[in-house]
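Q: Letter by letter, the chains look like this.
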Amino acid sequence: MWLRCSTLSKSKPILYFQSRDVVVPGDVIAQGDVEIETPSYVTKLEDGRVVANVMGLLNIEESGEKVKVSLIPLKGRYIPRPGDLVIGIVADAGLTAWFIDIRAPFPGVLNAADYLGRPFNPAVEDLRRYLDVGDVVIAKVAQFDRTRDPILTVQDKGLGKVVEGSLIEIEPSRVPRVIGRRRSMINMLQELTGCTIVVGNNGRILLKCPNPEVEAVAILAIKKIEAEAHTPGLTERVREFIIEEKIKRGLMSRGLG
Amino acid sequence: MGLDKERPQLIVNGRRIDGRAPDELRPIEMEVGVLKNADGSAIVSFGNTRVLAAVYGPREVMPKHVAMVDRAVIRCRYRMLSFSTEERKSPAPSRREIELSKVIREALEPAIMSELFPRTAIDIFIEVLNADGGTRTTGITAAALALADAGIPMRDLVAGVAVGKVDGVIVLDINKVEDMYGEADMPVAAMPGVGRITLLQLNGVLSRDEFSQALALALRGIRKIYELQKEALRRKYVSTTEEV
Numbered sequence: 001m002w003l004r005c006s007t008l009s010k011s012k013p014i015l016y017f018q019s020r021d022v023v024v025p026g027d028v029i030a031q032g033d034v035e036i037e038t039p040s041y042v043t044k045l046e047d048g049r050v051v052a053n054v055m056g057l058l059n060i061e062e063s064g065e066k067v068k069v070s071l072i073p074l075k076g077r078y079i080p081r082p083g084d085l086v087i088g089i090v091a092d093a094g095l096t097a098w099f100i101d102i103r104a105p106f107p108g109v110l111n112a113a114d115y116l117g118r119p120f121n122p123a124v125e126d127l128r129r130y131l132d133v134g135d136v137v138i139a140k141v142a143q144f145d146r147t148r149d150p151i152l153t154v155q156d157k158g159l160g161k162v163v164e165g166s167l168i169e170i171e172p173s174r175v176p177r178v179i180g181r182r183r184s185m186i187n188m189l190q191e192l193t194g195c196t197i198v199v200g201n202n203g204r205i206l207l208k209c210p211n212p213e214v215e216a217v218a219i220l221a222i223k224k225i226e227a228e229a230h231t232p233g234l235t236e237r238v239r240e241f242i243i244e245e246k247i248k249r250g251l252m253s254r255g256l257g
Numbered sequence: 258m259g260l261d262k263e264r265p266q267l268i269v270n271g272r273r274i275d276g277r278a279p280d281e282l283r284p285i286e287m288e289v290g291v292l293k294n295a296d297g298s299a300i301v302s303f304g305n306t307r308v309l310a311a312v313y314g315p316r317e318v319m320p321k322h323v324a325m326v327d328r329a330v331i332r333c334r335y336r337m338l339s340f341s342t343e344e345r346k347s348p349a350p351s352r353r354e355i356e357l358s359k360v361i362r363e364a365l366e367p368a369i370m371s372e373l374f375p376r377t378a379i380d381i382f383i384e385v386l387n388a389d390g391g392t393r394t395t396g397i398t399a400a401a402l403a404l405a406d407a408g409i410p411m412r413d414l415v416a417g418v419a420v421g422k423v424d425g426v427i428v429l430d431i432n433k434v435e436d437m438y439g440e441a442d443m444p445v446a447a448m449p450g451v452g453r454i455t456l457l458q459l460n461g462v463l464s465r466d467e468f469s470q471a472l473a474l475a476l477r478g479i480r481k482i483y484e485l486q487k488e489a490l491r492r493k494y495v496s497t498t499e500e501v
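As you go down the protein sequences, you meet chains V and X in turn. Be aware that the first sequence starts at 1, since it is given in the working numbering, and climbs by one per residue. Be aware that the second sequence starts at 258, since it is given in the working numbering, and climbs by one per residue.
Okay, chain X solo, but in the shape it has when bound (with noise of 0.2 Å):
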């Protein structure tokens, strides 16, 4: 599919390529605790984007000299793996994983209380292992999870959803055929119960109002993830008290 010359018609008789309405959001898995090793885990899927998170810490700074006196430093990783993608991906480190590690890191730096645990670590780790398309905003959501797993305080938690606009649409939760041959893509992630938006880039050209428009139904989406998320995390000590 990816390596059609010919632009795929994108949306149809008001329907997206793979169905859904312009202001539907994929189908969303979520799972919480799902490594032992880590503090915290969670594995999340918006449709065929899948990934994982896992959070260690607070724990002792290594190298020594990186600790602050003051708060806990915060450190990620985003990777995508060899075989989330079509083709195989290098396993380097790109530029762009790089550059996402720092964007995620500090879209969830305003959520965690930091301060409470001075010269101490926090590590996320953030491995894509399906790539469809928004994986950066999928993996900011797995990792609020994982954080909240790890029982580190957080103001609240983050959700992240990837706007775009295909065939003059504003559409909510793009995949990876909307993102390459759309007009725009805009990730936004943030924390519902602040108020606080801690994501926000854009790829491509949006008018002012179409702007609005793609932010309104970004947030609109991300109430509906963050209640997810939310769910998620409650179930896994619901499940115990059942079987009481």
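Okay, chain V solo, but in the shape it has when bound (with noise of 0.2 Å):
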């Protein structure tokens, strides 16, 4: 009833996509020999089709024989990996550890020691005293396995209370074209903005700024990058955008751009 081709070439792969496509799950990205970069959402089915999981955008090197395809997912939910860099919110504090909303499926595991720096003792000193629900933190992924929870650790440069800023959410998954390759879209945005930014891969992003009026063109910039991250060129449009803004509003004036 369904036609299935088992032609299964040890030749070049047939793709039926281009790189930067815009795929949906089901979507056969390409037929016979091709190399899927983990962690990605490709997978390969016996007869040698390799179909697309999420929504997304395609990522296809070709260098001689050899076709690599990875797939960047556009949306979906926080998934903590150790080593990722995150935002939280204090959501409770227990007995020695305090759980922190990092918008994933799990809490995060804060300890009392490593916030503190040193052994706590819960019969003499309450956690509420130094973070208290609501705090935002600025945290690592320190171990994180799916069996558990993911612990935190602030033990590292920058890490710890947020004390003063303004937090705002994006798509998790747009977090990638926020920073850029190299850094090159963050760095960017904070030269032109005056604005000191921490993203978290969790999809919260943190900016302390000079004055409000900057800090609503960065937010506005940041919006713009969530909502046009799927297309090409988006370094040097965000670039004239934030440009255009600031002329907008006086804080600029057209010669100096």
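For the record, the hints were derived by calculation from the structure and aren't laboratory data. In this text, a Cβ means the ideal position worked out from N, Cα and C, and glycines have one as well. Any given hint might turn out to be false.
[As the list claims (entries may be wrong)] Below, in silico cross-link-like pairs of lysine-lysine (DSBU-like), each with a Cα-Cα straight-line distance of 35 Å or less: (1) LYS493/X with LYS248/V; (2) LYS487/X with LYS66/V; (3) LYS487/X with LYS12/V; (4) LYS223/V with LYS493/X; (5) LYS481/X with LYS68/V; (6) LYS44/V with LYS487/X; (7) LYS66/V with LYS493/X; (8) LYS493/X with LYS140/V; (9) LYS481/X with LYS493/X; (10) LYS487/X with LYS68/V; (11) LYS359/X with LYS44/V; (12) LYS481/X with LYS12/V; (13) LYS493/X with LYS68/V; (14) LYS293/X with LYS248/V; (15) LYS321/X with LYS140/V; (16) LYS293/X with LYS321/X; (17) LYS293/X with LYS140/V; (18) LYS208/V with LYS140/V; (19) LYS208/V with LYS293/X; (20) LYS493/X with LYS12/V; (21) LYS161/V with LYS293/X; (22) LYS493/X with LYS208/V; (23) LYS493/X with LYS224/V.
[Unchecked claim] These stretches of chain X come out as covered by chain V in the derived footprint (C-beta under 8 Å, 3 or more residues): (24) 306 to 317; (25) 369 to 382; (26) 404 to 411; (27) 447 to 453.
Could you fit the two chains together into a complex? Lean on the hints.
A: Structure (structure tokens):
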């Protein structure tokens, strides 16, 4: 009833899509022997068809006979990975650890001993003295193996409790675009707006800006990146957008641009 | 129409009660990402049947004891709204709705790569806004779109359609009148890309030949719906690309 091609050729695979195309689940990307970059949401069927599993942007690298396929999802919940930088909001304080909302399906666990950098005795001290529900922390995922909840740590430069700034949220799958290739996008944003920007892998972004006007411009720019994450030539377009917005608000004169 | 004692003539001059040919689908509309709070959502109509689907997750499982260590729990609720039928439907979950929730969940489960998200839950809500036959298959079609919109990895999209036998003719995508007065109705859902049937129910009597004919017709219909699903998903991103 279903047509099946089982012609498994060892020669060059047939590609049905181009690099940077938007694919949806069930799309046959290629037929034949291709390399799949892991982890990516692409599977190979027994008959040699290579199928996309999520909606995303396709990336195809061809070098001679070899073809490498990877897929960047456009949407999806944040799943923690060790080493990720996350911006969390304290959801609950336990006896010796805080439970932190990191926008993942699991609560992040931040141990008191880690936060304080010294042994902690719950009999003499109350955790809420240091961090209370609603506080924002920048942390790193120390360990996570899916059998237990992710353990967070603040023992590194730039991590810890956040006392000032504005927090915004974007789709976690679009974080790589906000950072850009070799941090190009984020460096450009910081340069043009004068804000200090911390981007968490979980899609929360902390902005510290010299004044509310540039903050508004920075937020608009980030929202633009989020909405147009799947389009090429984004960095240049965002640069123009920021300059345009700054001129509109009288933060910059046209001659200087 | 529903209260007539007389059975209406369902096929006149080879045309069906709503003017369609036996192998013709109703006009289909699909839109993805219609709800803001949900991670993924879709609204689908097959003629007068209109169904809204919303997907949440993978998210924390509540209550915690239902979580599974090796994969995500998939929960599904199918519901017909009080105003979806001609006569008001009691909002309490009926036997039929509870059963359909299970059947729909089982039709979607083979497509969802739940093993990627252990100890989490994926919740699917299917609300029938207007019922005119084929609500379960429309619901599956909408839910598959909502799952894809939520970014949940899937082996393939799932599409569904109901076929039936009315006045001795095998017809595609039956509506409520054909369902009520026909000899048989058979909802089918499948993953056309990987060639798997995920739902197959039969109410009424079909001969062996009629059954194979009906199944082939359903799968042909599903192919068309599947292409429309992909188009609907792509449309969401193409529109922003064009703005740029």
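Q: Are there hints from earlier that the structure breaks, and if so, what are their numbers?
A: none
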